[in-house]
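*Asks:* With these hints in hand, go ahead and build the complete structure from the sequences.
There are 2 protein chains.
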Amino acid sequence: MATLSPEQEMLNWGRLVLDGVPYADLVAAQNRDPAVEWFDHWLETADRYERLGDAALAKGHALTAGELFVTGSLAAHYAQYLWFDDRRSRGQARKVELYRRAAPYLSPPATRFELPIDDTHIPGYLRLPVVGTSPWPCAILLGGLESTKEESYRFEQLLLDRGIATATFDGPGQGEMFPHVRLGGDFDRYTSRVIDHLTTVPEIDADRIGLHGRSLGALYALQSASIDHRIRACVAWGGFVDMEWDTDTPLTKESWRYVSQVATEAEARDHIRQALDIRPVLAGLSCPTYFLHGALDEAPIDQVDKFKDLAVNAEVHLVVEPEGDHCCHNLGPTPRLEMADWLTDQLLAPRAVGR
Amino acid sequence: MATLSPEQEMLNWGRLVLDGVPYADLVAAQNRDPAVEWFDHWLETADRYERLGDAALAKGHALTAGELFVTGSLAAHYAQYLWFDDRRSRGQARKVELYRRAAPYLSPPATRFELPIDDTHIPGYLRLPVVGTSPWPCAILLGGLESTKEESYRFEQLLLDRGIATATFDGPGQGEMFPHVRLGGDFDRYTSRVIDHLTTVPEIDADRIGLHGRSLGALYALQSASIDHRIRACVAWGGFVDMEWDTDTPLTKESWRYVSQVATEAEARDHIRQALDIRPVLAGLSCPTYFLHGALDEAPIDQVDKFKDLAVNAEVHLVVEPEGDHCCHNLGPTPRLEMADWLTDQLLAPRAVGR
Numbered sequence: 003m004a005t006l007s008p009e010q011e012m013l014n015w016g017r018l019v020l021d022g023v024p025y026a027d028l029v030a031a032q033n034r035d036p037a038v039e040w041f042d043h044w045l046e047t048a049d050r051y052e053r054l055g056d057a058a059l060a061k062g063h064a065l066t067a068g069e070l071f072v073t074g075s076l077a078a079h080y081a082q083y084l085w086f087d088d089r090r091s092r093g094q095a096r097k098v099e100l101y102r103r104a105a106p107y108l109s110p111p112a113t114r115f116e117l118p119i120d121d122t123h124i125p126g127y128l129r130l131p132v133v134g135t136s137p138w139p140c141a142i143l144l145g146g147l148e149s150t151k152e153e154s155y156r157f158e159q160l161l162l163d164r165g166i167a168t169a170t171f172d173g174p175g176q177g178e179m180f181p182h183v184r185l186g187g188d189f190d191r192y193t194s195r196v197i198d199h200l201t202t203v204p205e206i207d208a209d210r211i212g213l214h215g216r217s218l219g220a221l222y223a224l225q226s227a228s229i230d231h232r233i234r235a236c237v238a239w240g241g242f243v244d245m246e247w248d249t250d251t252p253l254t255k256e257s258w259r260y261v262s263q264v265a266t267e268a269e270a271r272d273h274i275r276q277a278l279d280i281r282p283v284l285a286g287l288s289c290p291t292y293f294l295h296g297a298l299d300e301a302p303i304d305q306v307d308k309f310k311d312l313a314v315n316a317e318v319h320l321v322v323e324p325e326g327d328h329c330c331h332n333l334g335p336t337p338r339l340e341m342a343d344w345l346t347d348q349l350l351a352p353r354a355v356g357r
Numbered sequence: 003m004a005t006l007s008p009e010q011e012m013l014n015w016g017r018l019v020l021d022g023v024p025y026a027d028l029v030a031a032q033n034r035d036p037a038v039e040w041f042d043h044w045l046e047t048a049d050r051y052e053r054l055g056d057a058a059l060a061k062g063h064a065l066t067a068g069e070l071f072v073t074g075s076l077a078a079h080y081a082q083y084l085w086f087d088d089r090r091s092r093g094q095a096r097k098v099e100l101y102r103r104a105a106p107y108l109s110p111p112a113t114r115f116e117l118p119i120d121d122t123h124i125p126g127y128l129r130l131p132v133v134g135t136s137p138w139p140c141a142i143l144l145g146g147l148e149s150t151k152e153e154s155y156r157f158e159q160l161l162l163d164r165g166i167a168t169a170t171f172d173g174p175g176q177g178e179m180f181p182h183v184r185l186g187g188d189f190d191r192y193t194s195r196v197i198d199h200l201t202t203v204p205e206i207d208a209d210r211i212g213l214h215g216r217s218l219g220a221l222y223a224l225q226s227a228s229i230d231h232r233i234r235a236c237v238a239w240g241g242f243v244d245m246e247w248d249t250d251t252p253l254t255k256e257s258w259r260y261v262s263q264v265a266t267e268a269e270a271r272d273h274i275r276q277a278l279d280i281r282p283v284l285a286g287l288s289c290p291t292y293f294l295h296g297a298l299d300e301a302p303i304d305q306v307d308k309f310k311d312l313a314v315n316a317e318v319h320l321v322v323e324p325e326g327d328h329c330c331h332n333l334g335p336t337p338r339l340e341m342a343d344w345l346t347d348q349l350l351a352p353r354a355v356g357r
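As they're listed, the protein sequences go chains G and U. Following the numbering used here, the numbering of the first sequence begins with 3 at its first residue and continues without gaps. Following the numbering used here, the numbering of the second sequence begins with 3 at its first residue and continues without gaps.
One or more hints might be untrue.
As the list claims (entries may be wrong) - Derived BS3-like pairs (lysine-lysine); straight-line CA-CA distance at most 27 Å:
1) 308/U <-> 255/U
2) 61/U <-> 310/G
3) 308/G <-> 255/G
4) 61/G <-> 310/U
Just so you know, these hints were derived from the structure itself, not from any lab.
*Replies:* Here is the structure:
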């Protein structure tokens with residue numbers, strides 16, 4: 003295996019493959035002509051999937067077209083990943099475009115929503131299961147740093163297969179929202195705005211809404227569930243409750259600076275330490291909460307202790323995987339299946355009287 | 003990446019991952035304690051998935067249990083892969099057992115059949131789609147050398163998602179059939195026996211049965227479709243029409259010897275050259291036939307020429323991928339999606355009058 007460049011080092015192959023990047027593309031990216039830049043290689047990969055998807059559409063092969071467009075969208079995502087110049091916006095635009103093209107052909111399809119908030123709107127997608135019966139429970143999936151609503155396709159399938167609808171959106175600092183709103187301390191307002199919307203969708207059971215957040219998205223999920231008590235269950239997938247900063251890699255620090263829209267690392271550190279400290283609200287967490295932590299995560303285990311000490315009013319299901327990395331991507335499909343089943347059980351279980 | 007042992011070299015990572023072996027397990031196998039043998043490592047992996055599957059079942063998580071048991075079955079498959087001593091039968095037994103445990107929990111479930119033939123029986127599985135309407139078209143999937151009916155789970159899903167039922171079985175020299183019948187020249191008799199059965203299943207449309215064979219299974223598919231004209235469409239995935247032998251690796255030659263149940267390589271060569279020469283029957287092929295070949299396959303491109311020269315009565319859809327290895331496993335999901343769509347189109351298309 004060739005020596006990895008810094009941006010490649012940041013990529014977690016377990017994550018890519020489990021999220022739906024074909025293994026063959028990963029090998030091709032590693033073995034590419036060294037004269038072809040990482041960004042260009044992945045964007046060409048995205049273009050290739052779009053051409054293949056168009057060819058499938060021309061033959062009436064809608065399922066395949068959806069799969070190919072969404073695979074192209076993921077390729078564009080990993081093209082722009084951790085670039086901080088104009089490549090970012092070019093890659094983001096392609097990712098968004100290819101997912102929009104995939105949306106009607108996914109099985110089940112993804113329906114776009116745009117929800118006014120302040121002077122902008124929240125872009126997102128809703129998918130309704132084929133199994134089970136309407137009105138369905140719904141899980142809102144939250145991405146983290148360097149993550150967007152287009153990325154959770156495969157995890158959505160696990161929930162949809164189990165009869166849970168899924169909603170995804172870009173919040174402050176993420177994807178389509180980034181040019182309008184930088185990372186801030188009020189992610190819960192955006193989650194709540196999406197819940198407001200879901201309560202108006204006849205196919206969704208407003209009394210069975212759960213949250214599922216990954217990495218920084220796990221912090222957002224804990225924050226949102228602590229404040230908005232319409233949330234019936236919460237999963238924190240590789241989460242934390244305040245910012246360490248010092249243990250982050252240089253590229254991650256640069257990413258914090260970028261999404262904070264500040265000029266210097268020092269400003270970034272101050273901004274995110276202030277914005278991403280949810281310790282003061284955790285006593286408000288009262289729904290059943292699953293907290294998954296990999297003991298090999300760069301986020302230290304004392305984040306788990308802080309969480310337990312503060313989330314005193316929630317029934318906590320804590321899973322610490324001794325061999326797991328950040329989000330336990332290195333452990334294969336099992337942790338994802340277990341999270342999906344737990345959340346399904348919470349949202350499908352008979353509700354307690356008087357809730 | 004560590005230097006690979008001979009048995010590891012034989013394994014095609016693209017194939018493993020696309021067939022459903024988690025990438026994390028592949029990495030773990032490569033990075034395992036060198037004191038732990040390849041076979042033992044994968045069999046322990048199979049055991050671990052069984053334990054996880056049992057834990058899921060205990061919680062009522064049937065979908066997850068099915069996924070974990072079938073993943074364990076694949077691990078057992080790659081444990082026994084290319085061993086020619088008693089490890090073979092131990093690994094095979096575990097593979098069969100774990101797939102049997104998975105079968106009722108797969109979505110859709112797999113139903114086992116055992117069809118009397120001569121003094122033995124053909125073991126296999128039938129899966130009926132959730133989409134579309136009964137009676138469904140059905141694709142029979144044929145494995146090749148070192149391959150069995152438990153291995154095509156992921157490809158079956160592609161067809162099932164498109165409204166095509168799937169049937170798999172072990173033929174001569176394969177899996178559960180191997181102890182009873184060695185590799186021979188009459189695989190088509192076993193295919194036809196399975197078709198006899200399918201015509202008695204009310205949920206299957208006997209007039210819309212297709213074949214899909216991989217590697218040596220592609221040769222079997224071409225042979226079967228040339229002889230049994232109840233077959234409406236045929237896919238040869240990395241196929242050939244007679245034996246090269248000389249271009250095979252030492253381990254492949256040993257495998258030919260093993261499944262031929264003879265003592266020497268010379269006997270094996272003579273046996274398979276005689277048994278695996280379908281050139282005399284190819285003029286009988288009259289159904290639409292998809293032939294996929296990777297130009298980097300060790301099976302030379304002149305196999306494609308031989309096929310074209312002899313299959314003069316079939317409408318042939320030939321795909322030669324310039325960058326494809328054997329079965330184009332290195333090209334990711336696209337060739338599989340294209341085959342699934344083509345076969346679906348053939349089996350779902352309105353039948354010509356008078357057929």
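*Asks:* Are the hints correct? Go through all of them and say.
*Replies:* Hints versus structure:
no., hint, in the structure
1, 308/U <-> 255/U, "holds, 23 Å"
2, 61/U <-> 310/G, "holds, 25 Å"
3, 308/G <-> 255/G, "holds, 23 Å"
4, 61/G <-> 310/U, "holds, 25 Å"
When each numbered hint is compared with the structure, no violation occurs for any of them.
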